[in-house]
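Protein chains in written order, with our numbering: chain A, 1 to 218; chain B, 1 to 218.
Quick caveat, the hints were computed from the structure, so don't treat them as lab data. A portion of the hints provided could be inaccurate.
Identical copies carry no separate label here, and so any pair may be met within one copy or between two of them.
[As the list claims (entries may be wrong)] Here are the simulated EDC-like pairs of lysine to aspartate or glutamate, each with C-alpha atoms no more than 16 Å apart in a straight line:
{"hint": "1", "residue 1": "Lys-44", "residue 2": "Glu-211"}
{"hint": "2", "residue 1": "Lys-87", "residue 2": "Asp-115"}
{"hint": "3", "residue 1": "Lys-65", "residue 2": "Asp-132"}
Predicted, not measured: the structure shown is a model, and the values here were computed from it.
Okay, here's what each chain looks like letter by letter:
Protein chains: 2
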Amino acid sequence: MISLAEENYLKALFNLSNEIGEVNVNELSKELKIKMPTVTSMMKKLSEKKLVYYESYKPVKLTEKGKKEAGLIIRKHRLTEMFLVEKMGFGWEEVHEIAEQVEHIQSFNFFEKMDELLGFPQVDPHGSPIPDKNGKITWVEYNKLSECKTGDIVKLSAVIHTSSDFLKFLNTRELKLGLKIKIKSIESFDKSMVVSYGKRPSESLSHTVCERLLVEHV
Amino acid sequence: MISLAEENYLKALFNLSNEIGEVNVNELSKELKIKMPTVTSMMKKLSEKKLVYYESYKPVKLTEKGKKEAGLIIRKHRLTEMFLVEKMGFGWEEVHEIAEQVEHIQSFNFFEKMDELLGFPQVDPHGSPIPDKNGKITWVEYNKLSECKTGDIVKLSAVIHTSSDFLKFLNTRELKLGLKIKIKSIESFDKSMVVSYGKRPSESLSHTVCERLLVEHV
DNA sequence: TAAATTTGTTAGATTAATCTAACTTTATAG
DNA sequence: CTATAAAGTTAGATTAATCTAACAAATTTA
Ligand SMILES: [Mn+2]
Ligand SMILES: [Mn+2]
Ligand SMILES: [Mn+2]
Ligand SMILES: [Mn+2]
Numbered sequence: 001m002i003s004l005a006e007e008n009y010l011k012a013l014f015n016l017s018n019e020i021g022e023v024n025v026n027e028l029s030k031e032l033k034i035k036m037p038t039v040t041s042m043m044k045k046l047s048e049k050k051l052v053y054y055e056s057y058k059p060v061k062l063t064e065k066g067k068k069e070a071g072l073i074i075r076k077h078r079l080t081e082m083f084l085v086e087k088m089g090f091g092w093e094e095v096h097e098i099a100e101q102v103e104h105i106q107s108f109n110f111f112e113k114m115d116e117l118l119g120f121p122q123v124d125p126h127g128s129p130i131p132d133k134n135g136k137i138t139w140v141e142y143n144k145l146s147e148c149k150t151g152d153i154v155k156l157s158a159v160i161h162t163s164s165d166f167l168k169f170l171n172t173r174e175l176k177l178g179l180k181i182k183i184k185s186i187e188s189f190d191k192s193m194v195v196s197y198g199k200r201p202s203e204s205l206s207h208t209v210c211e212r213l214l215v216e217h218v
Numbered sequence: 001m002i003s004l005a006e007e008n009y010l011k012a013l014f015n016l017s018n019e020i021g022e023v024n025v026n027e028l029s030k031e032l033k034i035k036m037p038t039v040t041s042m043m044k045k046l047s048e049k050k051l052v053y054y055e056s057y058k059p060v061k062l063t064e065k066g067k068k069e070a071g072l073i074i075r076k077h078r079l080t081e082m083f084l085v086e087k088m089g090f091g092w093e094e095v096h097e098i099a100e101q102v103e104h105i106q107s108f109n110f111f112e113k114m115d116e117l118l119g120f121p122q123v124d125p126h127g128s129p130i131p132d133k134n135g136k137i138t139w140v141e142y143n144k145l146s147e148c149k150t151g152d153i154v155k156l157s158a159v160i161h162t163s164s165d166f167l168k169f170l171n172t173r174e175l176k177l178g179l180k181i182k183i184k185s186i187e188s189f190d191k192s193m194v195v196s197y198g199k200r201p202s203e204s205l206s207h208t209v210c211e212r213l214l215v216e217h218v
């Protein structure tokens, strides 16, 4: 059995290693807001359980078993977020906190039913891929909007750093997944972009914003 | 803050006091499958928090605050059961275990949304009343089918002792809430009843079963 | 490379929730 | 009304998950 606390460590490890590759105790500690000595002792425990590879003073890595368990928790998280948005009418900025709790529910059928009712979605409301029943993720390579050039027409496919504040900001600009965006110009001094999309012929987006928007070329 | 463990004690206390009136440590211990010394120490803690009245060797009682908190947890439990049945397609025999976990989710909006989507239901899939937003239950007085007499026509309104096995048994007999049942005869030697309902002109129900079916006279 | 900083570990304490063993109080049965 | 049984408490141990303080290793900076 994997406890709720252990599940949160596995999930954090999985997410961090996809973002930054190797994960050290310090980073895990910051991510989880748990002090380093606690993280160290949890790594020893997870290592006993064959969920991570851990050696003193070295970065931590998930084992295959650990990856699978983490993937399954993230699957539950993302299916939940999708269900909350698609079937219960929540906004994409409201669902993370709830999913953070629901992901720990132990019931195969509960998430199976969500999956069915949603028609087996491949991504969550933020465009993040939903792991399959083996915890495996199919990665799709997107580009950051910030890396596109003037004249490009792209489709908004995912957002990163999905804080509630950032998502609310995107709401105010009517920026949603699936939207076609045309890059009209790029300011060289601050890398901000002027773009058009939907019913908005001219919107200015800061470089910070553009770095958080993932797009596909169309 | 009320911990998950504390929530389970409050809920058990609420349910038991509605079934049997005064609740002593021993009964609580059996209900929760937690040893008596643990229950005693938890009663001291809940007493500190003004959620129960507790004195050594006396039965335990919920305070008004305790009743409200317990009612709100039961509200979440029953809304969840209703949502699982009505919106997710689960059978009434499958929902209790899941609701037992979901009831601890901390999110006003999550349960608010369920309530709305369900159209503010008054009872759960087993006919148990759903407490209001103040944790208050409106009790409706039903009769046990076992206490009815030959010739009575009644509506099945709720079931008690909602074990999965019992509910599966009711499924095999197509017994559902809302059904009109006519009592054709009662065997004096074992108090079993011969009844008709739906497309079933003659079904025999044991006294044990009849004691667990709550009905309204029509 | 030596000093300073950052990162990581060890040791020991704390809190919540549980248990067993031993003892006490209350209830029940002769 | 005593003896036995049932219910309840106290004391002390255990496990999981956290913390702080002190120390150690590794990395960065000067
Ligand atoms: Mn999320
Ligand atoms: Mn979580
Ligand atoms: Mn519960
Ligand atoms: Mn129920």
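Task: Hints violated by the structure (listed by number, smallest first) - done: 1
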